[in-house]
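Trainee: So the protein lines, in turn, are chains A, B, C and D. Quick note on numbering: the numbering used here labels position 242 of the first sequence as 242, and the sequence is numbered without any gaps. Heads up, the numbering used here is the position in the second sequence plus 389, with the first residue counted as 1. Heads up, the numbering used here is the position in the third sequence plus 778, with the first residue counted as 1. Heads up, the numbering used here is the position in the fourth sequence plus 1167, with the first residue counted as 1.
Where hints are given, some of them may not hold.
[To be verified] Partner residues aside, some chain B positions facing chain D, computed with beta carbon under 10 Å:
#1 407
#2 410
#3 412
#4 413
#5 415
[Stated by the list, open to error] Within a straight-line C-alpha distance of at most 27 Å, the following computed DSS-like cross-link-like pairs (lysine-lysine) qualify:
#6 A/238 / A/48
#7 D/1500 / C/1016
#8 A/92 / B/627
#9 B/481 / A/238
#10 A/333 / A/92
#11 D/1405 / C/870
Everything labelled a hint here was simulated from the structure, so no lab data went into it. Where a beta carbon is used, it is the ideal one built from N, C-alpha and C, also for glycine.
4 protein chains.
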Amino acid sequence: MTDWPYLSAASGPGEVTNRTLRDHARQVVNHYDPAFVETFARATDHLKHIFRTAHDIVIPQGEVVLGMEAVAASLFSPGDRVLNLVSGIFGKWFETFIARAGAEPLEVAVPYDQAIDPEDVRRALRRHPDVGFLAVVHAETPSGTVNPVDDICRIASEAGVITIVDTALGLGSHPFEADAWGVDIAVAGPQKALGGVPGLCPIAVSPRAWEAMARRRPTPLRESYLSLLDWRESWVEKRAFPYTASVSLVYALESVAAQVLEVGLERHIARHTRVGRACRAAVRALGLAPWPARDEIACNAVTTVRTPEGLDAGALVARMRRPYGVKISGGYKELAGVTFRLGHMGVSAHPTHLAALLAVLERSLADLGRSVRLGAGVGAAMALLGEWE
Amino acid sequence: MTDWPYLSAASGPGEVTNRTLRDHARQVVNHYDPAFVETFARATDHLKHIFRTAHDIVIPQGEVVLGMEAVAASLFSPGDRVLNLVSGIFGKWFETFIARAGAEPLEVAVPYDQAIDPEDVRRALRRHPDVGFLAVVHAETPSGTVNPVDDICRIASEAGVITIVDTALGLGSHPFEADAWGVDIAVAGPQKALGGVPGLCPIAVSPRAWEAMARRRPTPLRESYLSLLDWRESWVEKRAFPYTASVSLVYALESVAAQVLEVGLERHIARHTRVGRACRAAVRALGLAPWPARDEIACNAVTTVRTPEGLDAGALVARMRRPYGVKISGGYKELAGVTFRLGHMGVSAHPTHLAALLAVLERSLADLGRSVRLGAGVGAAMALLGEWE
Amino acid sequence: MTDWPYLSAASGPGEVTNRTLRDHARQVVNHYDPAFVETFARATDHLKHIFRTAHDIVIPQGEVVLGMEAVAASLFSPGDRVLNLVSGIFGKWFETFIARAGAEPLEVAVPYDQAIDPEDVRRALRRHPDVGFLAVVHAETPSGTVNPVDDICRIASEAGVITIVDTALGLGSHPFEADAWGVDIAVAGPQKALGGVPGLCPIAVSPRAWEAMARRRPTPLRESYLSLLDWRESWVEKRAFPYTASVSLVYALESVAAQVLEVGLERHIARHTRVGRACRAAVRALGLAPWPARDEIACNAVTTVRTPEGLDAGALVARMRRPYGVKISGGYKELAGVTFRLGHMGVSAHPTHLAALLAVLERSLADLGRSVRLGAGVGAAMALLGEWE
Amino acid sequence: MTDWPYLSAASGPGEVTNRTLRDHARQVVNHYDPAFVETFARATDHLKHIFRTAHDIVIPQGEVVLGMEAVAASLFSPGDRVLNLVSGIFGKWFETFIARAGAEPLEVAVPYDQAIDPEDVRRALRRHPDVGFLAVVHAETPSGTVNPVDDICRIASEAGVITIVDTALGLGSHPFEADAWGVDIAVAGPQKALGGVPGLCPIAVSPRAWEAMARRRPTPLRESYLSLLDWRESWVEKRAFPYTASVSLVYALESVAAQVLEVGLERHIARHTRVGRACRAAVRALGLAPWPARDEIACNAVTTVRTPEGLDAGALVARMRRPYGVKISGGYKELAGVTFRLGHMGVSAHPTHLAALLAVLERSLADLGRSVRLGAGVGAAMALLGEWE
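Work the whole structure out from these sequences, hints included.
Mentor: So this is what it looks like as structure tokens:
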């Protein structure tokens, strides 16, 4: 039996705090127990502050992918045209869901080390005035890149287009303002920058999005695990559930959301900003290159690194894990081999975690025969992490 | 803030052991960490023993309802005819999924306090030789009844029909033999008689069922949260995941499955048998009547009770919860008001749990003005629970 | 390997809440970490409210017996005369510590099913005006009896005698007022009626007691695990520790003390009062007799039962534990065989716990051939537990 | 309320594994529950392997200091002469306990950055043939130094002297062989190199030591928290306890002892050896000096560092803790100010922990105005930690 890792520094799920684990281990109760219903309500209240929305939060009881598929299934009908922004693998993936719903995807795409240009969005919307929906990934986990969701959603929103943002990785690691930016649907996950446990998919939904699901469609989707309306009719309207809730995951979600708010959302994001920057500085100090084309579009929670000539990314991942006990991620799908990924999210967006990760990265690169000055990456990172808050 | 309950005796999720909670609280890791992959594999191995199957186990990462919808979405195509056996609310619910998949449901139905007669199934299959699938609920959580799944599936299987069993409540509380009985798809949940944490949906799939999903359908369902084939192509074939796994729920599932096998599956079921019988004896001793028409079709994990004349079931549920801290369930949907439900599942299929539940039931009935000899129900139950094993 | 019990109903340690276990499982830190020092301070603040004292709390890091020995070692010198009140085994035990300190024990004793009469104390103090100290056990765990500590300490205090109370079992299950009653030293334990984890020994100390330790003795005891003065000089004066603190036990203590105060101390005690009375009623309904000579002197947290003619107490303890998974206690030392003990303390001072315990007691008595109407004890208990608060 | 630390790198207690925390959180049971008695027995069995003894293990339920005082109180009588080896503050402290027992301490002392020379012991024993006991600290927590306990105890043992070793910090971080080296009494603690939870004090006792306690003393110490004989008469002989056991601490102790043995004791020690060496290399690379006079006598679990000219050790400790969340220890008593201490013990004897600690040390030194090349210490350490096992 393989030993458990000493440090999780993968692209997610990340490590969680001891407090989260303890809150997670509360005795399981029936989901209609009043104490649980109150806990669920507290979770959604906390999440409103984190999504920066005054509207509704629903929480399908499955992974983020469920949320994205549910959004497509709940929102799109045959004949709908959806402007899908593709700057990475997750963005591209959403086309599957658009197509399954019978809608037509239109694409604005950039290479996967780039970010979407809001002006391209503006142009595309002008060219296709019948587009009803726009979908964009806030932060791409495979590429470690970030899109300018604020400008994109403002443009789309002004054009009367319903906006859908996958902010699974972005929420908590980059500024995000659902209402102020005109985001109609924002899909998140607890297990990335919020520092939580995987298995739930909190979604913020605007009145306009509810309207589109309930009225614009000929047959609104109901009585399905993919139905967001089921959640509105049960949770939002009646504090009920469409099916059995994942009780202990909700304990953990309520806990991590409370912890983020106790730290302060801005400070929580600022920690990611600083650690992300420090990690990229370390990567460069080790003679490696971050995958994103420019620093301004780099994600603060996951650093995707270009695999240098002569290095086997899989061997690096394996070496860090054994014998050093540090789990990082290799590249995902098309980016397998050409990239590997360092995670620093949630509670792990911290100098101690980053230093440990980088020290083992350096050591493992040396073990694999790369010329590395041990400590160079850690030093470069720590130079940027003074006066930590 | 409402206090947490002292005792969970609802229709599920039930209480879990301290060991399960502790295993659940293992630090979260990336789902591709080798230690986690081994844990997931152990969970599926345990489950093969519990389902009594030599075939495959997949575990969609959501509640049982996800599993049932996924089965329908993965298996049925327009033109398919599905014999749907309806002896309760959950059986009826499945029609929605049949219809959404474009298939045609044929129904064999009985009143909700009855069980399906296998001979009716035989007759229906003869009458409709083009039926390709049969669906049946092993144990109905709302009614607290059990269907003779062994005979039903044998009949259907011999007729070349693919059989689908919802054994969310049955698995662990009643005998179940997937392979021996000709069950092609069995859908379970950890949070009932297995004594686990809600949020996952283990499914046993026969080769014949895989064949039907992959070959018989014009377009096999892939790249969807509802796709079982995605799980075959990822987990079964490559020890990979179609999406991020609910890591900590898998810890708990592996743990409860191991605990069931350590107790011994037969002994685990026998405990439910004895506690179920004892609970019904107690109910009768209190002048109440179990909902199932006959004792032989009563479920061993949930006792559904007919609300007697003059009792407000909702008031009883509320009274037991406050001030006594015991959570039971009211009736579900059509059975609301006319029934209430006592849960005794998983670790709670035990004399101590049952005695506590019944003592508070008696006390609360008395508080609500019913004439009850305090201790009568407990005594009747304990009379049947000597020589506990 | 023996299975763990389903229910702990012994004379202590008792079961603890899921919240206590979770708080207990906080990551261990160095005892001088500022967050820990604050936690320790919160624990002592909570305990002042529970002891009803405005004076000091110290917490030797060991079991209650350590506390009692430390009190004797810290307080008594050769030549001192100590009036030791003996109504049970623990009271008698204290003589060992008095003697080891070189002091002379004078005894007021009653049979172990009786309580001390305060007038006997008054008489003894008149007879022996040179007595400097009085020691009394609030609630005797072996006998399940309670002494009138209020009157005893008032009488002694007025006589200028320093009073020492072992309230390990009494604190939380019976009223206790350190300052109002003139208690100079009160020794408790977390693991009984406070519902906590064993291994610590909170002690309330009055200024008069400190004075006696520091000034009256020719050589105050310092630099010893038995020294209370070490704790005053370190914790009370400097928020320091005389040795490494049992960090995780302090987490648990702070948690249970907070939980008692959240419930409300009076309500917490009232729960014990009602459950104790209900347990004795059940014992009588089963044809058994509580050990205490009269109900007014019975302890509310432990019911000591006289073993009836023809019953083997050890066989009963064994039978309840296996196969039924309920741990009760046999008799202690001189009371072995002639008594057995039922615990209902802390979180277990609750109708559900009591009903489960009694149902298994009845069942086991029947198994051992006693004539018992199953349910009779539970019914008698529940008759007294309506309108639980 | 102060935030909890991110990393504990103090002189102990150290961090514990997630598994230890989970095992620690098992429901509390009565200490005479058979499952608990078995757990206690497993703990003592594991400890025999760790102490390398075939003799008895007893576990007084308190901190290491309790153990040392109990040894003195149980073993020494007026007239006894005890050769006390003093190479640090803890060694010196033991004189208090020798004197309180009425025995006479003879001292072999060296400066606190040195280790005892076994030849000095030989000479002292020749000079004082009436010495009956020898006491030595294996590893001094304040100084971070190690004594050659193997040679010292062999010499003393051959001279017929009963040997007492405080190996609280040494056990698990340096080789230790109770039986092979002639150690009669070895006192340990779970919370240092074993990676456990503080509050217990496992002691290995040889038959010769038991003999000395029981026969050589005019009045053997019994019925005291300080009595080791009580433990022999209860635990060793009857699997009973002299007082209530600290149940949950025993859960944790059994767990950490099992974990050490699963890793393998030699490998566990080797990890400390490598990490200790790496830490000292890092300290030197940062222009600092380890406190021990030579590397061969440096402790592998705690690195005591000489505070350099111009640095305020207290300010460094405070700075690392806030804002960086890393808790180290300042100097202890006489060594306050002139030293500070870095802990790397138990689970924290690992490259990730060390790198994180050193990175924050470097950063904090820089913050305080020291000239430090960030990364230099980490690099020096990691250079020695390749091929980690």
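Trainee: Can you confirm whether the C-alpha distance between residue 238 of chain A and residue 48 of chain A stays at or below 27 Å?
Mentor: holds, 18 Å
Trainee: With the threshold set at 27 Å, check whether the alpha-carbon distance from residue 481 of chain B to residue 238 of chain A stays at or below it.
Mentor: With a Cα-Cα distance of about 23 Å, the restraint between residue 481 of chain B and residue 238 of chain A holds, given a limit of 27 Å.
Trainee: Are the Cα positions of residue 1405 of chain D and residue 870 of chain C separated by 27 Å at most?
Mentor: Holds, at roughly 23 Å.
Trainee: When you check the alpha-carbon spacing of residue 92 of chain A and residue 627 of chain B, does it fall within 27 Å?
Mentor: holds, 23 Å
Trainee: Hint validation: residue 410 of chain B versus chain D, beta carbon distance must be below 10 Å. Holds or violated?
Mentor: holds, 8 Å
Trainee: Does the nearest C-beta of chain D fall within a distance shorter than 10 Å of the C-beta of residue 412 of chain B?
Mentor: holds, 7 Å
Trainee: Need the status of pair residue 333 of chain A, residue 92 of chain A: alpha-carbon distance at most 27 Å?
Mentor: This hinted pair holds, its Cα atoms lying about 12 Å apart.
Trainee: When the nearest CB of chain D is found for residue 407 of chain B, is that gap smaller than 10 Å?
Mentor: At 4 Å from the nearest chain D Cβ, residue 407 of chain B passes the 10 Å test, so the hint holds.
Trainee: Checking one constraint from the list: CA of residue 1500 of chain D to CA of residue 1016 of chain C, max 27 Å. Satisfied?
Mentor: holds, 14 Å
Trainee: Given a cut of 10 Å on the nearest C-beta pair, is the interface hint for residue 415 of chain B held or broken against chain D?
Mentor: holds, 6 Å
Trainee: Holds or violated: is there a CB of chain D closer than 10 Å to the CB of residue 413 of chain B?
Mentor: Interface hint status for residue 413 of chain B: holds (9 Å vs cutoff 10 Å).
Checked against the numbered hints above, the structure breaks none of them.
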